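Just so you know, the protein sequences line up as chains A and B, in that order. Under my numbering, read the first sequence as residues 14 to 513, first letter to last. Under my numbering, read the second sequence as residues 14 to 513, first letter to last.
Hints may be right or wrong, so weigh each one.
When chains are identical, the list treats them as one kind, so a pair holds in a single copy or across two.
Calculated cross-link-like contacts (lysine-lysine; reagent style DSSO-like; alpha-carbon spacing at most 27 Å) [to be verified]:
#1 50 to 29
#2 147 to 215
#3 28 to 504
#4 69 to 340
#5 121 to 69
#6 50 to 28
#7 28 to 69
#8 503 to 193
#9 155 to 69
#10 147 to 165
#11 78 to 193
#12 147 to 121
For the record, the hints were derived by calculation from the structure and aren't laboratory data. Computed from a predicted model, the values in this text were never measured in an experiment.
Protein chains: 2
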Amino acid sequence: MELEQALQAADLLQKKMFAYGMAESALYLDGVTVAPKDTAEGRGVALGILAGESQKLLTDPETGKLLSFLEEHREELDTVRRRQVEVLRREYDQMSRIPPEEYMEYAKLVNDADDVWHRAKETSDFALFCPYLKRLVEFNRKFAGYYDCTKKPYDALLNEYERGMDMERLDRFFAEIREKLTPLIRAVGQAQQVDDSFLHRKYPADAQRRFSDYLMEVMGIDRTHCGIGETEHPFTLNFTNKDVRITTNYDEDNVASSMYSVIHEGGHALYELGVRDDLQYTVLAGGLSMGVHESQSRFYENLIGRSRPFVQAVFPKMQEFFPEQLKDVTAEQMYLAVNRVQPSLIRTEADELTYCLHVMIRYEIEKQLIGGMLEAEEVPEVWNRLYREYLGVEVPDDRNGCLQDSHWSGGSFGYFPSYALGSAYGAQMLHCMEQDLDVWGDVRRGDLSQITAWLRGKIHQYGNLLEPADIVRNACGEFDPAYYTDYLTKKYSEIYGLDR
Amino acid sequence: MELEQALQAADLLQKKMFAYGMAESALYLDGVTVAPKDTAEGRGVALGILAGESQKLLTDPETGKLLSFLEEHREELDTVRRRQVEVLRREYDQMSRIPPEEYMEYAKLVNDADDVWHRAKETSDFALFCPYLKRLVEFNRKFAGYYDCTKKPYDALLNEYERGMDMERLDRFFAEIREKLTPLIRAVGQAQQVDDSFLHRKYPADAQRRFSDYLMEVMGIDRTHCGIGETEHPFTLNFTNKDVRITTNYDEDNVASSMYSVIHEGGHALYELGVRDDLQYTVLAGGLSMGVHESQSRFYENLIGRSRPFVQAVFPKMQEFFPEQLKDVTAEQMYLAVNRVQPSLIRTEADELTYCLHVMIRYEIEKQLIGGMLEAEEVPEVWNRLYREYLGVEVPDDRNGCLQDSHWSGGSFGYFPSYALGSAYGAQMLHCMEQDLDVWGDVRRGDLSQITAWLRGKIHQYGNLLEPADIVRNACGEFDPAYYTDYLTKKYSEIYGLDR
């Protein structure tokens, strides 16, 4: 085999993987946006087949030979090619360990589970979903062994979402969060509460749709390459760096809900839109780890979007979209309202300060489920107990409890911690960005272009070219959660007058 | 090889073909509905790869061996299996003759051409589209040879859309249409014109959307298995018999436009929803030929939807959706308006009577393009001349002329005649249905269930199990276009008072 030939074969292999991924994503997107209700079966059959074909492609002995050949010629490869071979090797080894039948069975299970979870959530019927959760846990525990049998199962899963992360680090991370934030939350709870009643007036979906367009414009998102749809749970899906989709959900009784979903998903979208062209159609296209991805989405959502300068910048326009609803409201009142701290039941609607506790609860439960210390049947009970313990709230039913998130029904165990990690990465990135840019002057002028350019230069452009820890280190030095806890302490002490 | 094993392999092969088809359809659907504007490139790459993979699957020598084995055991196979093997054999032989590079190049060309055609149509710039049309014609002429080199190229293409159809039959068919309908159209042109001005009042898209839902309900379309979207050109897409999508386009200045699109596409949808369960995920799932498919869509659109009893049945509800616009209109006026005959420029907006002439013009041009008697550059000139000759209208620009349809940019040559054939099949089917059912009593009561059941029993359920000519013969005897010309003569003589 000639090297040139091998490189062409590697390109074609990656293009095929891209094509299968794009097909699966398109079917998924259709399923959660416009597909009629009772159509999961056909999609399930197709997704099962496509997953099997793409696995077959990756685990083809020819692929193994190709990778070995390229590894032998490692010295002749440039950085991009080397990284491609590394990523492909990891995926090849992992996939080769998963029996094809199991892989296809799992793809079908996830498709069915999503459908069942929707129905279970609607009727708050955990018993309906429980057998699926059980099987999903079993599969993930087994898959963890295929991913990396030298690690504990949950560590192996964590590593899939945030390479290099494990329970030991996360236990320390969450301990620090707990130690620093628990007294803060307690103090906030005793302070005078801010008024956010005007967020819950009637905000018609149509006006909210136009408001979303405005927010995406402020964020500098190129709409010829990024669409917006509506789903129960907002998400971002990237086909290429020229084709990204975000979704949101309009709650007519809460204008902040979709507003911050759009800014959050918009942050994910900017990441994907900022990846270099030369990485497209390869395994290096698309954002890196979940944690780094969340660092971008939560950066825009909270650090920028919930800052006083940002709210002041967009508020006049917001009043134009909702003249009746906001006629007696000031920008400062809006700033306080969108930062109201209130321990609550639903993660996606949680405030910035208590959010991490929602994540911590899920982390504890996942850790035990995958570790085999907890059975699926016991999840509601433990869930409700932890919410009482950490957040002081009573869970009235499973719809507002352990059935609220789509992650487990989607087969994602080990994903949740990345939300908390991302928040912490972001705070540290902001700290460094402030040394380079007039961040708040820009935000006050409603101009996020320099901010996005900074993130693009340090993070977005690289796609999957570097390891998560390296990306974080390059952007803002060795990871230290203190930036995050300091930021929260300062912000919420000011809002709730605790420093006075 | 054991027979049981071979049958399982045939099932898996067909499921894979289904999965590739579903993936391609999902990408297409996304592209024409919700995808942002500048995203064709990524989809093109993915579609090219998927087309190549699905071709590789079908033309795999293993597939050839499997089919030979099953053909040797033909006597042991049931009807369904035999037909599967026949259809697969035809596709295998055809596909095996197309070089993979050509096939992938063509898939990419079609994706690009669609994009270019949209832009060309917008700016009425035929020169922009012309090189693509040229290449599409070249490819189709070449592919025709791969399909069946014993036939003339255009006959081979016609055979793909309506098996058994050829230029000889179509020339006779269109000659008869021309002979019977031309004097009728002339007489109508000299009669008192009906008033349809109220169709062109302002009909807001939102009210039209609710009206579409109502129409689909009247048609008895199960919305848990059939969605509706919005595209420039309405179409129907079937994933399975439990997952069908139709699209429409809302013209706020013409309430009849989307109304009859929805009924037309609803007819296609009912066909797909009516195919037997046991044919799913095989090459026999999905409607048969284009002509038979159009017989169903145009049956609902014209024979039922533009009948006096149907308009009378839906009109009271229509007035509820559009109270201001229709307050001074009667059901009879509506009936006359939606049947107004007016030679015009746009096929999809043509009346029932002149429609066939639009089709005939396209047939003549395609026949010559593929036959090599006409160059792509000459299309606008010939198009405009034929519109003057047959319809007596002047084409002001190519947007309203030869750039109006998406068929050629989609690579479909030989498709158009099926619209006219379908209309004619439908009229003959109605004639037979009237012997079995109280068709017009049912329609008057707004109950189409018996009508759909009749069509399901005679046509829909069989999917691709029989040949087009057999389906038509089983439903209504030997095909005879006289039923169609008689129907049109009777209907339009009455409307325009020609029999008085």
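Numbered hints the structure breaks, given as an ascending list
Violated hints (numbers, rising): 2, 3, 4, 11; every other hint is consistent with the structure.
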